[in-house]
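S.K.: Using the working numbering, the first residue of the sequence shown is number 3, and each one after it goes up by one.
Do not rely on the hints blindly, as some may be mistaken.
Quick list of in silico lysine to any residue cross-link-like pairs, SDA-like style, CA-CA up to 25 angstroms [unchecked claim]:
| id | residue 1 | residue 2 |
| --- | --- | --- |
| 1 | Lys-68 | Pro-110 |
| 2 | Lys-39 | Thr-106 |
| 3 | Lys-68 | Ala-148 |
| 4 | Lys-75 | Glu-104 |
| 5 | Lys-75 | Thr-106 |
| 6 | Lys-39 | Leu-11 |
| 7 | Lys-68 | Asp-42 |
| 8 | Lys-150 | Gly-118 |
| 9 | Lys-68 | Arg-6 |
| 10 | Lys-75 | Arg-4 |
| 11 | Lys-68 | Trp-92 |
It should be emphasised that the hints constitute simulated quantities derived from the structure, not laboratory data.
Source: prediction; values computed, not measured.
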Amino acid sequence: MRARYRWPLIGLGCLVVLLAALHFALPYLVRNYLNEKLADMGDYRGQVVDVDLAWWRGAYQINGLKIVKTSGKVPVPFLDAPLIDLSVSWHSLWYDKAVVAEVTFVRPELNFVDGGSKQASQTGRGTDWRLEEQSGRPSAAVRLAARKARRERPTDEDSWAESVERVQSEHPA
Numbered sequence: 003m004r005a006r007y008r009w010p011l012i013g014l015g016c017l018v019v020l021l022a023a024l025h026f027a028l029p030y031l032v033r034n035y036l037n038e039k040l041a042d043m044g045d046y047r048g049q050v051v052d053v054d055l056a057w058w059r060g061a062y063q064i065n066g067l068k069i070v071k072t073s074g075k076v077p078v079p080f081l082d083a084p085l086i087d088l089s090v091s092w093h094s095l096w097y098d099k100a101v102v103a104e105v106t107f108v109r110p111e112l113n114f115v116d117g118g119s120k121q122a123s124q125t126g127r128g129t130d131w132r133l134e135e136q137s138g139r140p141s142a143a144v145r146l147a148a149r150k151a152r153r154e155r156p157t158d159e160d161s162w163a164e165s166v167e168r169v170q171s172e173h174p175a
């Protein structure tokens with residue numbers, strides 16, 4: 003092989019190896035980052051099981067997000083989302099210089115518990131759920147969607163007790 007072609011091919015090979023290493027390492031880095039952020043949320047903490055990246059559509063999927071209340075005895079998690087799909091619009095990012103995202107929750111369960119006392123209740127209070135606005139960042143627009151969501155809303159005390167018993171049997175501690 004001529005010396006003229008050797009260095010560009012070596013550079014291209016190194017770039018391909020670097021991109022492949024980044025492709026395999028980035029899901030673990032994102033998962034660890036998210037778990038670090040979810041570990042300290044005031045009265046709640048969360049965990050992510052797995053993260054999958056889809057470069058071609060500017061998206062990633064979060065598998066197994068679970069947020070639980072750390073104080074008190076609440077029988078169910080506050081949020082149990084088996085799959086969350088987050089995608090960014092490439093067109094808006096490149097041409098409009100704005101972040102336009104679509105977030106789709108698949109089979110999420112959001113559980114509010116009225117246990118009579120603050121320790122036995124789960125209302126979402128005790129942490130700031132708003133996203134922090136960072137200066138210098140392009141404006142963001144988000145479209146949220148939920149597919150196959152489950153909602154528990156008992157109408158009286160008897161149905162409340164039945165709902166809690168059913169959820170406890172579905173989610174053993």
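S.K.: Can you confirm whether the C-alpha distance between Lys-68 and Asp-42 stays at or below 25 angstroms?
M.R.: holds, 14 angstroms
S.K.: Hey, Lys-75 versus Arg-4, does the alpha-carbon distance stay inside 25 angstroms?
M.R.: violated, 72 angstroms
S.K.: Take the C-alpha atoms of Lys-75 and Glu-104, compute the straight-line distance between them, and say whether it is at most 25 angstroms.
M.R.: Violated, at about 34 angstroms.
S.K.: Take a quick look at whether Lys-150 and Gly-118 sit within 25 angstroms of each other, Cα to Cα.
M.R.: Roughly 30 angstroms separates the two Cα atoms, so the pair is violated.
S.K.: Taking only the CA atoms, is the gap from Lys-68 to Arg-6 under or equal to 25 angstroms?
M.R.: violated, 55 angstroms
S.K.: Taken at face value, is the distance from the CA of Thr-106 to the CA of Lys-39 at most 25 angstroms?
M.R.: holds, 21 angstroms
S.K.: Given the hinted pair Lys-75 and Thr-106, is their alpha-carbon gap at most 25 angstroms?
M.R.: violated, 30 angstroms
S.K.: Does Lys-68 pair with Trp-92 here, judged by a C-alpha cut-off of 25 angstroms?
M.R.: violated, 29 angstroms
S.K.: Holds or violated: are the alpha carbons of Lys-68 and Ala-148 at most 25 angstroms from each other?
M.R.: holds, 16 angstroms
S.K.: Holds or violated: Lys-68 and Pro-110, Cα atoms, limit 25 angstroms.
M.R.: holds, 10 angstroms
S.K.: Holds or violated: Lys-39 with Leu-11, Cα cutoff 25 angstroms?
M.R.: Between Lys-39 and Leu-11 the Cα gap is close to 41 angstroms, so the pair fails against 25 angstroms, i.e. violated.
Violated hints, listed in ascending order, are 4, 5, 6, 8, 9, 10 and 11; each of the other numbered hints is respected by the structure.
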